[in-house]
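Chains A and B are the protein sequences, given in the same order.
For the first sequence, our numbering assigns the number 335 to the last residue and increments by one with no breaks.
For the second sequence, our numbering assigns the number 1481 to the last residue and increments by one with no breaks.
Derived by calculation from the structure, the hints in this document are not laboratory data.
The beta carbon of each residue, even a glycine, is placed where N, CA and C say it ideally should be.
Heads up, some of the hints might be wrong.
[Unchecked claim] Each pair of labels, with its calculated beta carbon distance range:
1. A/277 <-> B/1305: 52 to 62 Å
2. A/2 <-> B/1176: 22 to 32 Å
3. A/160 <-> B/1166: 35 to 45 Å
4. A/315 <-> B/1279: 49 to 59 Å
5. A/160 <-> B/1044: 49 to 59 Å
6. A/315 <-> B/1443: 29 to 39 Å
[Unchecked claim] From the derived model, a few chain A residues whose C-beta atoms are all more than 12 Å from chain B:
7. 2
8. 38
9. 120
10. 157
11. 160
12. 194
13. 215
14. 229
15. 232
16. 240
17. 245
18. 266
19. 279
20. 280
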Amino acid sequence: MELTTVWFVLIAVLWIGYLVLEGFDFGVGMLLPVLGRDEPTRRAMLRTIGPVWDGNEVWLVVAGGATFAAFPEWYATLFSGFYIPLFAILLCLIVRGIGIEYREKRHDAAWLRWCDLGILVGSTGPAVLWGVALTNVVWGVPIDADGEFVGGFWSLLQPHALLGGLVTLGLFLTHGASFLALKTRGDVHHRAHRLVPLFGLPTAVLAVAYLAWLYTHAGTPVSLACSVAAAAALLAGLSADRLGRDGWAFTGTAFAIGLAALALFVTLFPDVMPSTLDPDWSLTTENAASTPYTLQIMTVVAAIFTPVVLAYESWSYWVFRRRISVDDLELVPAE
Amino acid sequence: MLATLLDVDVLDIARWQFGITTVYHFLFVPLTIGLSVLVAGLQTAWYRTGHERWLRLTKFFGTLFLINFAMGIVTGLVQEFQFGMNWSDYSRFVGDIFGAPLAIEGLLAFFLESTFLGIWIFGWDRLPKRLHLLSIWLVAIGTWLSAYFILAANSWMQNPVGFSYSEELGRAELDDFMAVLTNEVVLVTFPHTIAASMMTGGAFVAGIALWHLMRRPDKDADAFRSALRLGAVTVLVSGVAVIATGDVQGKVMTDVQPMKMAAAEALYETEQPASFSILTIGSLDGSQEIWALKVPKLLSYLATGSVDGEVRGINPLQEEYEQEYGGGSWTPNIPITYWTFRLMMGLGFVAMAVGAWMLWATRRGRAPTSRWLLAAGVLMPLMPLLANSMGWIFTEMGRQPWIVFGLMPTAAGVSPGTTALEVGTTVVGFTLLYGALAVVEVWLLLRTIDGGLPLLAGGDGPDGPDGPDVTDDEKPLSYAY
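If we strip away everything but chain B, and leave its shape as in the complex, we get (with noise of 0.2 Å):
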């Protein structure tokens, strides 16, 4: 009796594993992506200019970037190996496609970006200066391949190119790869991702500065000032590019997969023209409402480019599905898709406006002094982390109940091997240890931010005197690693 109750649940639990892992690892991931390309650009600034603030300034970010990419790094090992562990049918079914994009972004970006970064870290003195900052764009680049790749592969998942099926092995075979890495569903999501993951960097440096220019107005207020006027900037022009991307995506979202975009919509029935619901209130997934808030035609011009067009609804997806693919549901959780959908929007404009205000309350050398724009600013950084995770868990709720769309079921991709208390214990296991780390942490990033910008050794600080506690030993050596 446990047994078969336990059996039933494999995948389920699986799939909690899999969405607890991957969510999780993907909090580091776009911190380490935009935060690389700040931290170089720190660099170059003190490489050009030869000012101290920006080597301290890469120095307090560059430390705070290790504390996230090494979260990134021992979270990634998970990743690369649970295909197999817990979803090896599925891994038998399209590893003759997805698995090259993986085996080429370790060759291609991993190995570049692991030993550049352990040049830089430990090369500050034994190499030339030029050498040293060569290195650190090393490792911007490597997260960008990085990306690439394993967009490409998830991209398949969403709309499967390039390939053929095979009776006699029952597997997905590749027929072009040219077409697996110009799908058009990742020539949209990697430059959505990447502006995503630049505004969760500009959000992270902009919201630390602000507390430091706030709270520690006599300690180093022009690094700080620059570098919250570099993140609200990046969080602006990012924004913008996040906002046109993703347009973008819509429509080819609307195109390769229409029922993800009803989902979004929690649009039952087939509308033209469409109207976008900011905000409903009645059931969770939007099927009775008591009161929304729509924009007419919005989701018409979303999803199609004209403010005219028709937008399928769920109802009518679910009964061509039937036709297509037999009975059964077809239509993903529409709660989630709906609310996740709306929560990334909302935290991206959201960090956006902070970011405006931030440039405002800081125009022509102000200081800012609102207690609401501190509040504001620290809680920053925590949006586009969020909207990252939001946006994560819609694109992969959306596709359920495929894993490859119209290809596989997910629940014909779990490991038919493995049993619920084994699959129960490891995701017990990662859970735990996953929160435990989190713990730690968040504790070692609020110790840095709290500990200010590095002294430089051998010298007093260029920025004017400092307090008395930069005596404390550990100070002027915190770049120790």
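With the rest of the complex left out, here is chain A (with noise of 0.2 Å):
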């Protein structure tokens, strides 16, 4: 394999990863108003991302850099030209982390108040933005002969980008249900599993139509693959919520998520940025890349650390694999 495509296959791992383990970061930050009665429940339900949080967002700043190093004029061009979303997307991000990180340093109400606002605007945006943004990638934006986006803001606002962003509002809103129904007990266990399904079935149906429009738009035999088997993932997921099994329904949203992105990666290839304006003009793997030597360099170090990275990241989720309860929180109330 050539290493621009192993770099191509790589970003789109990182991609994947980010959006599964931020996914119900996210979802947990959004449902915290919607299952989030009371205060201890609602340090219940940050608690289960508590640890896990910050490792996750980290996959995101990894692609950022990944893309930086293998593709500098997708990076270039991308970052440049999806300022003011970008832009969005990073003011949601630090908000959502202080509130996260700041909110149990104090305990009066409204700073709790304070603290659970951040966490709601700063983890819809990126919600919904992160699917804007990845849908005018894969269905291409207006880039001249120089590689730079010509575009200007409404035009990354499409009826087809505005179906991804609430897609992936709907499928982290189902994932964040999901994962709290996995790692919550009590009351909150039995809110968040009934949820599944309320998110999850018209998110369903939005995905669908996203990933069949997607089809007709690029589509390839592996991405309409990738997109059925996402679909059947999320209707898998879906089934075993049913039937009270919550870590099935949970691995059904991940997978979810992560074939649909993956029906986007393999759309996008050999691309990286499609031109609508010339094809021409799209960058692809292989002339936004960086030289050989550099990629051979990155792949050395990737090999080596990234099993060291997810061994250790995994092993992170296991120490924290316990359920979480509000009665647990209220026999140490703030350990």
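From the two separate chains plus the hints, produce the assembled complex.
And the structure:
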């Protein structure tokens, strides 16, 4: 396999990892006012993502860094082109991170309300905007002969992109609910469990419409297979939820997100940012790439350290595998 | 008309944005680096001695560490993306070289820091003590690794090595990655930055401990005395390291960026030997002086290692660069380089003096009493913090007008497609948000400092009976997160 292809695959994997992992972080953040009726419940909910959310966010940082290193043209065009949406995402991520980390440092009611608002807004914004941004990348945007994005802000908000935003919003809500059902006990567990189909069924409809549209736009047999598998995974997750199998329900929603993202990247390849003005102006894994030498070094580093990272990150999930209930927190109120 | 006016300004606004977001981010980073080691050290002391005093100090400074760390994380996100957002032509030009250390930093350092920090925060009673201790040390190691790779990237901008220029693609391409990682600039900048970070952490611990010791002498005095001495010794030892590494750095800088050294000193004409001016009263850029305090031959020594060495001045260097790169100014903003260089060193020296004073005032079990010491101690955490900013501003402004020294002017790196309105929007947005967060962070730090050492769950404090206010329901549990 060409090294440029290897790095396309690695960046796709980083994005898939990011969307699957931060997907439930965003979901929990958005469900905070829905499921968190009282302070102990909200605290229990946030405790489910507390130890891991920051590590999950690093997947995005590394995806950004890897894009810079392996495909500088892609990094430059994407980030300068999607300027305002990216700015909005950054503001949201900042506010969310501070909300999560600072929330339990003080216990007065006004402070907690502000933090909860920050977490809600900071989770909802990226949940929508990542869908918008990724859809635009795959669908193509106006890129000129110099590889510059020339579309302007409003060109990023076309119907397909907005639908993409709704799909990620719905997927993350469903995923967050299935994650909470898996990770909690007691009342919040039951209510999260009931939310899974409530969000999951409309999302399934939207996602199927979206993926079908994608297929008619630029689909391949492989992307179609991924799309069908994504829809099947979502439906399987919903069925497992109905049967009370929390682990399988969560696996289903995780695979739904991962496979849908995979469908996007399969559709994209070998472009990295197609131009809607002229196909010759599209950025591809070839014309956007770094030198083979740089890619070789990066490949060696990634081959050595990725397994190590995966091992300790998985271990951290194992350490915090226990379900959390409000009662635990009341026994040790702020452990 | 408005558009033309605004177009002209994209570069300036983008530079302000980078300056604001980066200097702000760099307030938290050195403190994170220094404090992670000190908190790990405190926890190690507890692990080895079993003294609850160390555990309570670990939790107290650990909470402050986390408040600071959170700010570092969220402002660091902006760093990863703003090269592409505002400096897309720079990113295209250097991505083949500059991107790799950034990506490797993420893979090696950020995953390590974030994962093990989560384990450390929530793993207190879920992990064996040894493993839990290991997790904070891994966080500390992660911060050091992160510093190395990002400084390697920055050092390449100061002194590009291990690359060749591709005519065909119009970009710099990597030839030798080891040369980038062992750039003589990063080899001195890394220890200098780490030593300054340790100084920042030490001053933070010492200043807070002194305040508690003097304002609340009846509460946990033994613990805060230990913390104060630990912090003050850290400031002194790392201060010496800062000076030693800074000295080598000056010589490397004279070698690879002579203009920066001349600008640091506002030395207009070549001198041999060259004196070092401690202060100049006159024009801001030091070109005309009314009165100056000078140390003969010191600049020669700092720059070349010999008291009679020749130090080249700004004017001859400007002429030389005109020959090489064409007309235009190749001189940085002298008032900024001159004064940031002095403030950096001056603040560092003052912090060391306060550290020495603290040790003297607490020698052989004495209790510090001087009100002046209290005032100096309260200001002490700010000194290395500001010195770091000054050093950072100096090294970046001293490189101007280059974004990559000798290769790419800053003006050529800015994103061609962004408008002044867009960049203006984001600079205002980030500045307002950062300002609000600064208020929140300082408030939270002060509240936490004011709360004092947390009690351990299920027992009285080991350092004697505590005041009545400990029944405050959040107190014993203040290490919630």
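(request) Return the numbers of the hints above that this structure violates; sort them in rising order. (result) none
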